[in-house]
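Asker: Next come the chains, spelled out residue by residue.
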Amino acid sequence: MNTVSSWRLLPFAVLIIFTAPLVIVLSSLFGNYSDNWSHLYEFVLLDYINSSLILVIGVAVLVFIIGTVTAWTVTNYNFIGKNIFEWALILPLSIPPYILAYTFTGLFDPYGDANNLIRYLFDLDDDFVFFPNVRSMYGAIIVFAFTLYPYVYLVSRSALINQSKSMKEASRLLGLNEVQVFYKLGLPIIRPAVIAGVMLVIMETLSDFGAVDHFAIETFTTGIFRTWYGLYDLQTAMQLASLLLIIIGVFYLIEKITRGGSIYTSNNSNFSPNLVDNLQGFKGLIAFLICFIPIFIGFIIPIVELSLWAYEVNLGFFNDRFISNSMNTLSLSLGTGIICAGLALLINFSVRFKPNKLVEKLSSLLSLGYAVPGLILAVGMVQLMVYLDTFLFSNVDIVLTGSIFGLMIAYVIKTYALANSSLESGYQRVSNSIDESSRLLGISGWRMLINVHSPLMKTALLTSVLLVMSDVVKELPATLILRPFNFETLAVSTYTYASEERMLQAAAPAIAIVIIGLIPIIFLSKMIRSSRPN
Amino acid sequence: MDNLILEIKDLNHSYGKSDLTIKDLNLNISIGERVSILGPSGCGKSTLLRLIAGLEKPNNGEIIKKAEVMTSDKIFIPPEKRNVGLVVQEKALFPHLSVYANICFGIQRNKDKNKIVSDLLELLKIDSLKNKYPHEISGGEQQRVALARSLAPNPDLLMLDEPFSALDEELRKSLYKEVSNVFSDRNSSILLVTHDAYEAEVMTDKQLRMEKGNLI
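So the sequence lines, in the order shown, correspond to chains F and L. Residues 1 to 534 in this note's numbering are what the first sequence spells out, letter by letter. Residues 535 to 750 in this note's numbering are what the second sequence spells out, letter by letter.
Keep in mind the hints are simulated off the structure, nothing from the lab. A few of these clues could be false.
To be verified - Here are the simulated lysine-lysine pairs, BS3-like style, with alpha carbons at most 25 Å apart:
id	chain 1	residue 1	chain 2	residue 2
1	L	K647	F	K354
2	L	K664	F	K458
3	F	K357	L	K608
4	L	K666	L	K615
5	F	K354	L	K659
6	L	K608	F	K354
7	L	K615	F	K361
8	F	K283	F	K361
9	L	K647	L	K625
10	L	K551	F	K357
11	L	K666	F	K458
12	F	K354	L	K615
13	L	K625	F	K354
14	F	K283	F	K82
15	L	K666	F	K357
16	L	K647	L	K659
17	L	K551	F	K458
18	F	K361	L	K591
In isolation and in its complexed conformation, chain F is listed as follows:
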């Protein structure tokens, strides 16, 4: 086999590994159906569908409103704090929904801090409850909406800043007021981008396990987890996972199709940046509140509550368990980051070194793993490890099942897209003439990769490692299912403490997760600041 053909084979080989767990999950639909499946089908499947549907619709409506209105406000008006809100509106992305769910519970439970405060302030009876029960479908909708709305905000803002002021001026001259301009002009223009953003939110909502489990809402993910962890019925868990995978596949396709037409931008030569109005007084206050409230609920509240909890346990959280879990998390996330970045470098290099339409298409398919819920990947990975153990180590013992190996592969599949996007944009900045010069000087293949591309991609590689790390740190369901016995990460320990109602102890690992989750947000904020018109 010559060098060129091995470069071309690489994306094929990686694609086989990446799709293996999904193929295994989907193939379960053609296998035997156990009594557990009959039970699920008869008694709970409809509940899963109903509650997933209500959750998804509620979250979609809320993120649509919050995301578009905040994007419209910061793009079209000048008001106090606008420059901060532009990037601060994405801060809630650093809070995983399950952490917001835990803090909401601690705050709004009948004897949570918020209700205690109200009783104290107004000298009310101990059984008086002001805030309604947050462990409900409504609570879950609020939690998802206020952590995930930045997806819609980001796409809406980026679509809106590409609009020319002449369109807005024309609509004002035609008699539309501010609000009418928003829903008659602004929304239709950014509709494809918004739909794509909402689809992403729906996929994230359907993929979540931690928040819905904490709020005891029966969805597909809680069903899959209990079928595997409670009933130890992997086959039925995979069959349930297949249904969820198909549903997510539909939303993924809608997202892809709508994103394809998401650019209704002005491409005429008269383009001039959007008109920005100054808002003062009451209008300025309204604009300020529109942007401040989502950040307050989605970021400030959880940060303050977690800090208070951490303060209450003093430095007690800084114990051996916390250190050991932090080290586990760090080594796992760093390992995954390095593997993903290295793999993305190799794949992007192979696509560039030997351009081929099929290879390019295959490479783009490798990023699909990001849309697959961690829980589905985990279930498929368990079965894959069992197969591999039977095939490779039948005479020895269980080697791969329940090992770090399966967990790392699942992480790599899930987060490869992040590393790839960073490397792809890094490669776009390197001229092809650099490659041509290298080849004409007799340096190609591995030597070109090591001597030319790797040094030039240093920043992109570092960025991709950090992005992957911040995502791995947050990943809960895959870690819960695939981790080795007695192996805990920060996410697992947060989940364990919270499920035991030990919120104070959950604070330290949760804060650590949020701090690491801020890394990609800092990158995104920089991009947002640099994307300001003028």
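Since chain F is already given, all that's left is putting chain L on it; use the hints.
Answerer: Here is chain L on its own, set in the frame of chain F:
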């Protein structure tokens, strides 16, 4: 024809399904000969150099270097194995390497590399720049470095694609003479493409014209 460094026979090329950019082109260059091809933008000059370098594949025809077939219907030698140099207007210096390391890049396994690089630094009057990085030197200096880098592996044929067109006129004219002397000293075989008749006359022995993908 033992003294031929390059022989092109009936070469045709098009980008995708568009019109031919090179049409039935034939060209011979002898060892040590310096040839220039003059022509307007878009006539196929740069494409011809890329075909010779192996950076593009022709529809049909043959490219033979030192009696060895580089390109034909059945054979295609990749660029890294052709031992030809190409200097382009963009220079394409490696931004992460110093001037010295850039020139050394193609001869890393040559045990005389230090001497080769020192000689080239001196020849092209850039020895004071050897520890600098591409972004720290001027456009003219960058072009000298690019030239030195291409000369270092001692290519059988050095091709230049409008190498000085991004430089100002005064600097360009001074470089013509200097570089021309370098080529004479080394007895290099040169193929230069340009739209500047003066550049072609000063730097080469033989001038050819190209129009619509063929030499006339």
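Asker: Confirm or reject each hint.
Answerer: Status of the hints after comparison with the structure:
Simply put, K647 of chain L and K354 of chain F have alpha-carbon atoms about 30 Å apart, too far for the 25 Å limit, and the pair is violated. The hinted pair formed by K664 of chain L and K458 of chain F meets the criterion: a straight-line CA distance of about 23 Å does not exceed 25 Å. Proposed proximity of K357 of chain F and K608 of chain L is supported: the alpha carbons are some 23 Å apart, at most 25 Å. Only pairs whose Cα atoms come within 25 Å are accepted, and K666 of chain L paired with K615 of chain L is rejected, the gap being roughly 30 Å.
A C-alpha spacing of about 38 Å is found between K354 of chain F and K659 of chain L, which places the hinted pair above 25 Å, so the restraint is violated. Note on K608 of chain L and K354 of chain F: the hinted pairing holds, with a Cα-Cα distance of about 19 Å set against a maximum of 25 Å. With a CA separation close to 29 Å, the supplied pair K615 of chain L and K361 of chain F exceeds the 25 Å bound. For the hint pairing K283 of chain F with K361 of chain F, the CA-to-CA distance comes to about 49 Å; that exceeds 25 Å, so the pair is violated.
Restraint check for K647 of chain L and K625 of chain L: the C-alpha separation of about 22 Å stays at or below 25 Å, so the hint holds. A C-alpha spacing of about 17 Å is found between K551 of chain L and K357 of chain F, which places the hinted pair at or below 25 Å, so the restraint holds. At roughly 20 Å between alpha-carbon atoms, K666 of chain L and K458 of chain F fall within 25 Å of each other, so this suggested pair holds. Distance check on the hinted pair: K354 of chain F and K615 of chain L sit about 16 Å apart at the alpha-carbon level, within 25 Å; holds.
For the given pair, K625 of chain L sits about 23 Å from K354 of chain F by alpha-carbon distance, which is consistent with the 25 Å threshold. A threshold of 25 Å between alpha carbons decides the hint, and for K283 of chain F with K82 of chain F the separation of about 13 Å falls inside it, so the pair holds. Proximity of K666 of chain L to K357 of chain F is assessed by CA-CA distance (about 40 Å); at most 25 Å being required, the pair is judged violated. For a cut-off of 25 Å, the pair hint linking K647 of chain L to K659 of chain L stands: about 18 Å separates their Cα positions.
In summary, the hint linking K551 of chain L to K458 of chain F is not supported, as the alpha carbons are separated by about 38 Å, beyond the 25 Å threshold. This hinted pair checks out: K361 of chain F and K591 of chain L have alpha carbons roughly 23 Å apart, not beyond 25 Å.
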